[in-house]
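Enquirer: Required output: the full structure, derived from the provided sequences and hints.
There are 2 protein chains.
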Amino acid sequence: MRAFLALIFLTFVMNVESSRPLMAFTPSHGWMNDPNGQFYDSKNELWHLYYQYNPNDTVWGTPLYWGHATSKDLSTWKDYGATIGPDRDEDGIFSGNIVVDHNNTSGFFNDSIDPRQRVVAIYTYNTEGSQTQHVAYSLDGGYTFEKYEHNPVLDVDNINFRDPKVFWHEPTNQWIMVIALSQQFKIQIYGSIDLTNWSLHSNFTGGLFGFQYECPGLIEVPVEGTDESKWVMFIAINPGSPLGGSSNQYFIGSFDGFEFVPDDSQARLMDYGKDFYAFQTFDNAPKESGVVGLAWASNWQYANLAPTKEWRSSMTLARQMTLASRNMNPETKVLSLLQKPIFGESVVAANKISKRNITGQDEQAVKIHKNSTGTFSFDITFSVDSSKNQTGQLQVISGQNGESIRAGFDPTAGQFFVDRGNTSGLKENPFFTDKTSAYVEPWKHQNDLPVYKMFGVIDGNLIEVFLNDGIATLTNTFFIPGTEGLEYLEIESSSDAIHIVESEVKELKLRATS
Amino acid sequence: MRAFLALIFLTFVMNVESSRPLMAFTPSHGWMNDPNGQFYDSKNELWHLYYQYNPNDTVWGTPLYWGHATSKDLSTWKDYGATIGPDRDEDGIFSGNIVVDHNNTSGFFNDSIDPRQRVVAIYTYNTEGSQTQHVAYSLDGGYTFEKYEHNPVLDVDNINFRDPKVFWHEPTNQWIMVIALSQQFKIQIYGSIDLTNWSLHSNFTGGLFGFQYECPGLIEVPVEGTDESKWVMFIAINPGSPLGGSSNQYFIGSFDGFEFVPDDSQARLMDYGKDFYAFQTFDNAPKESGVVGLAWASNWQYANLAPTKEWRSSMTLARQMTLASRNMNPETKVLSLLQKPIFGESVVAANKISKRNITGQDEQAVKIHKNSTGTFSFDITFSVDSSKNQTGQLQVISGQNGESIRAGFDPTAGQFFVDRGNTSGLKENPFFTDKTSAYVEPWKHQNDLPVYKMFGVIDGNLIEVFLNDGIATLTNTFFIPGTEGLEYLEIESSSDAIHIVESEVKELKLRATS
Numbered sequence: 001m002r003a004f005l006a007l008i009f010l011t012f013v014m015n016v017e018s019s020r021p022l023m024a025f026t027p028s029h030g031w032m033n034d035p036n037g038q039f040y041d042s043k044n045e046l047w048h049l050y051y052q053y054n055p056n057d058t059v060w061g062t063p064l065y066w067g068h069a070t071s072k073d074l075s076t077w078k079d080y081g082a083t084i085g086p087d088r089d090e091d092g093i094f095s096g097n098i099v100v101d102h103n104n105t106s107g108f109f110n111d112s113i114d115p116r117q118r119v120v121a122i123y124t125y126n127t128e129g130s131q132t133q134h135v136a137y138s139l140d141g142g143y144t145f146e147k148y149e150h151n152p153v154l155d156v157d158n159i160n161f162r163d164p165k166v167f168w169h170e171p172t173n174q175w176i177m178v179i180a181l182s183q184q185f186k187i188q189i190y191g192s193i194d195l196t197n198w199s200l201h202s203n204f205t206g207g208l209f210g211f212q213y214e215c216p217g218l219i220e221v222p223v224e225g226t227d228e229s230k231w232v233m234f235i236a237i238n239p240g241s242p243l244g245g246s247s248n249q250y251f252i253g254s255f256d257g258f259e260f261v262p263d264d265s266q267a268r269l270m271d272y273g274k275d276f277y278a279f280q281t282f283d284n285a286p287k288e289s290g291v292v293g294l295a296w297a298s299n300w301q302y303a304n305l306a307p308t309k310e311w312r313s314s315m316t317l318a319r320q321m322t323l324a325s326r327n328m329n330p331e332t333k334v335l336s337l338l339q340k341p342i343f344g345e346s347v348v349a350a351n352k353i354s355k356r357n358i359t360g361q362d363e364q365a366v367k368i369h370k371n372s373t374g375t376f377s378f379d380i381t382f383s384v385d386s387s388k389n390q391t392g393q394l395q396v397i398s399g400q401n402g403e404s405i406r407a408g409f410d411p412t413a414g415q416f417f418v419d420r421g422n423t424s425g426l427k428e429n430p431f432f433t434d435k436t437s438a439y440v441e442p443w444k445h446q447n448d449l450p451v452y453k454m455f456g457v458i459d460g461n462l463i464e465v466f467l468n469d470g471i472a473t474l475t476n477t478f479f480i481p482g483t484e485g486l487e488y489l490e491i492e493s494s495s496d497a498i499h500i501v502e503s504e505v506k507e508l509k510l511r512a513t514s
Numbered sequence: 001m002r003a004f005l006a007l008i009f010l011t012f013v014m015n016v017e018s019s020r021p022l023m024a025f026t027p028s029h030g031w032m033n034d035p036n037g038q039f040y041d042s043k044n045e046l047w048h049l050y051y052q053y054n055p056n057d058t059v060w061g062t063p064l065y066w067g068h069a070t071s072k073d074l075s076t077w078k079d080y081g082a083t084i085g086p087d088r089d090e091d092g093i094f095s096g097n098i099v100v101d102h103n104n105t106s107g108f109f110n111d112s113i114d115p116r117q118r119v120v121a122i123y124t125y126n127t128e129g130s131q132t133q134h135v136a137y138s139l140d141g142g143y144t145f146e147k148y149e150h151n152p153v154l155d156v157d158n159i160n161f162r163d164p165k166v167f168w169h170e171p172t173n174q175w176i177m178v179i180a181l182s183q184q185f186k187i188q189i190y191g192s193i194d195l196t197n198w199s200l201h202s203n204f205t206g207g208l209f210g211f212q213y214e215c216p217g218l219i220e221v222p223v224e225g226t227d228e229s230k231w232v233m234f235i236a237i238n239p240g241s242p243l244g245g246s247s248n249q250y251f252i253g254s255f256d257g258f259e260f261v262p263d264d265s266q267a268r269l270m271d272y273g274k275d276f277y278a279f280q281t282f283d284n285a286p287k288e289s290g291v292v293g294l295a296w297a298s299n300w301q302y303a304n305l306a307p308t309k310e311w312r313s314s315m316t317l318a319r320q321m322t323l324a325s326r327n328m329n330p331e332t333k334v335l336s337l338l339q340k341p342i343f344g345e346s347v348v349a350a351n352k353i354s355k356r357n358i359t360g361q362d363e364q365a366v367k368i369h370k371n372s373t374g375t376f377s378f379d380i381t382f383s384v385d386s387s388k389n390q391t392g393q394l395q396v397i398s399g400q401n402g403e404s405i406r407a408g409f410d411p412t413a414g415q416f417f418v419d420r421g422n423t424s425g426l427k428e429n430p431f432f433t434d435k436t437s438a439y440v441e442p443w444k445h446q447n448d449l450p451v452y453k454m455f456g457v458i459d460g461n462l463i464e465v466f467l468n469d470g471i472a473t474l475t476n477t478f479f480i481p482g483t484e485g486l487e488y489l490e491i492e493s494s495s496d497a498i499h500i501v502e503s504e505v506k507e508l509k510l511r512a513t514s
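If you're matching them up, the sequences are chains A and B in order.
For reference, each letter of the first sequence is one residue, going 1 to 514 in full-length UniProt numbering.
For reference, each letter of the second sequence is one residue, going 1 to 514 in full-length UniProt numbering.
No lab work stands behind these hints: they were computed from the structure.
All clues given are correct.
Each pair may be met inside one copy or between any two copies, as identical chains are not told apart.
The list that follows gives simulated cross-link-like pairs (lysine to aspartate or glutamate, DMTMM-like), each with its CA atoms no further than 25 Å apart: (1) 186 - 263; (2) 186 - 264; (3) 333 - 128; (4) 453 - 331; (5) 333 - 155.
Expert: This is the structure in structure tokens:
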């Protein structure tokens, strides 16, 4: 009887939460925004993700907690719910991060705690009239936390001072904190030897301002094809981004432990979609994983109104970040981020179609139907022949019940697009922009024709598109009523100028892992 | 009989060209893109506008000319069509500008030419394999041109070297040219004493890169409320702007006749809509007019596909530019451009409705019907009470036949928007984004409530919205079939939080001027 009721309940939950992504993290219930405190536990070989969390409602509100989830492979998640909460119901544990204090610089640990699990969280404690930086530590590897008794550890008497990101800087033997003096458009850089006493080193500003800065990050990122690395500064701006609302920008430069100096004055966007915000990297990630991070897949312009029910908001897929020198145009190469989605070992193909050499107009070049999850990936390499009629597009279309999203390439404009205009959820919202787009130089030339690559994932109510190995990305949410994974995904070509060199479409599912 | 046929022809033309703006300049027929060579003839008190022009088709193509138009007041235009053409059909007279060479530094003029009409054009001559800078001069005040016999005057052996903007720099007694080394993301600054011999002073780069730089500008702009002025550098980028495709950015700094040094590293957008590109100012504008300029109201992503017939593309309205120190948020003021639309003396109200003190939900707070032109302006000052239910929006809606555009403010998001999603023209185009938006701080506070101002013009197929005296603007084209000016404009409030302090809606028409 109990099993039967549980089944009814489960069916009900699955219906109302029908657009929940499979691989991108969502909270089991309640409201979620920024990712926080991501770290890798190298003892248990486990990725930890924390997140801004209101378990009591599906809109932002206080008391605001850090939620907590873990994953063996960054694709299958286990959610533990609220983990660090404020002292008063009107307060919030705002964004921040976690470091692994191997050497017990903080003094919070004794020898009984494995050095790989000496977990210290640094976050903004928010009250109605203050934002100060607090510390908490975990004696059980990140599942429960003790608040430091002498909090706050940093207070500059400014009510818009938040979102610390801390990391160990080996060359200067100190902890570094980057944090936003949000409304002064300053990213402040502090140093500490013990995580509790901080001194100001420098300030950084630049690029797009918007209304304010939030959620900075600073990390050393390898340059592909070299033994070198550069430092990358991430800054979230909201509202007032050029695309409307929330957006992430980044800067490439050098960091000596005291000052971040950008290599140039270029303003770079991390993503050309509407739903990529508050990106943050994992601390202590294993060397072979490289630089790994993820963002909140939403936009404050409409985040609280997204038509999901038991839960609201997902993260993006985890992405691996590298730098590469790539052409912006035929004359100039610049260093840019390459972002690649991570598919853990739990992700397997439920279904797969591969096709090569599709030329000209083919309205249903490839079509895959839902068999299992309705979560799809697509990977297309194509060339463009400008001597042919360029009318029409290469499109990947996915949907059901007459609604659909599409991603594609338009030979006339020579640009990529994602279009969520044929979906009804949030259509009336004045900020839910239908079309976003990006320009990239050809991936290579073959037989004198430009060749491009478009990889994408459609996961629940999220589409993430990666162009030419991730030199530009487009991340957008969409809301098709009654979705439990989409019914189909097809590749269409309506242009004689497009030649699909190769394509692979998969339906993805998760298998149980050890 | 001839008059009768002319009338039939005119009626036909009016039908097929139904969405033609009234005040924003459009060519009588053919294709137009960037504004070029704008100058003011202070002898005849006449504004001259030139423009990139293909008279033989309604898509971009060669031979590409400079077209020419004049206006007494920047609102009523007289079009002269093709004025400077290339030597060969496959070439183009690309963008550039005009200066008034009062002192005959060029030696092109003799005493018979009034100093106020010594017109010299500097433009890019484009061939399939080269872009070089050429000069031409006019002995009749700008209606016909003689090409300089020793062209080119500047050739750096680069095929992406274009769009010179020249002005007289009084403190250093020289002509200054800013010009784009497009694909190196360099704005080069040259000096000359005679408009024909040029030497390189410096390079400038920064901000958003996109695929390439185009159409730079540099001009001294007064700072409101002070006796000071700053130099503003304009740069157009296309494609690859954050909003998709074409966009204009600007920098504020100092210029000593040799080098432009920006005050800060902020990247600033000139406009938050999709259709504002290649902005350029008028040379020799009278002091009382201040800094005056206009942009091409389109986007290369879809410009050639816009569903107009005999003509394609309009300019924006002329705008007056000043600088002002304004809050980006409660903690920080920065210097930003203020842009105000110019309505010449030929623009008069055909119809007007003014209303004050409209509170709460009022679905048809103000409604004005087409009487004359279907060109409307709206001017709304409103306050927002966050203690009340903020659901709903303040909206200005204009349309006909069930299609419409809207501009408004959403109290929940605290942001402004323009939405062209309910129009059918170009709807299928993957780059014709429906919704664009902007954040601005309140214009002022009254009775502790934030007060905002939204001014807008709906002129043919163009909507331009100016927030809080033009601290942010949103410029978008739209295409409603069968439009000959829209049928109505209404102000709606569906939010209890909105109080309309005052509003004025006008239908605008042009009267004949001397």
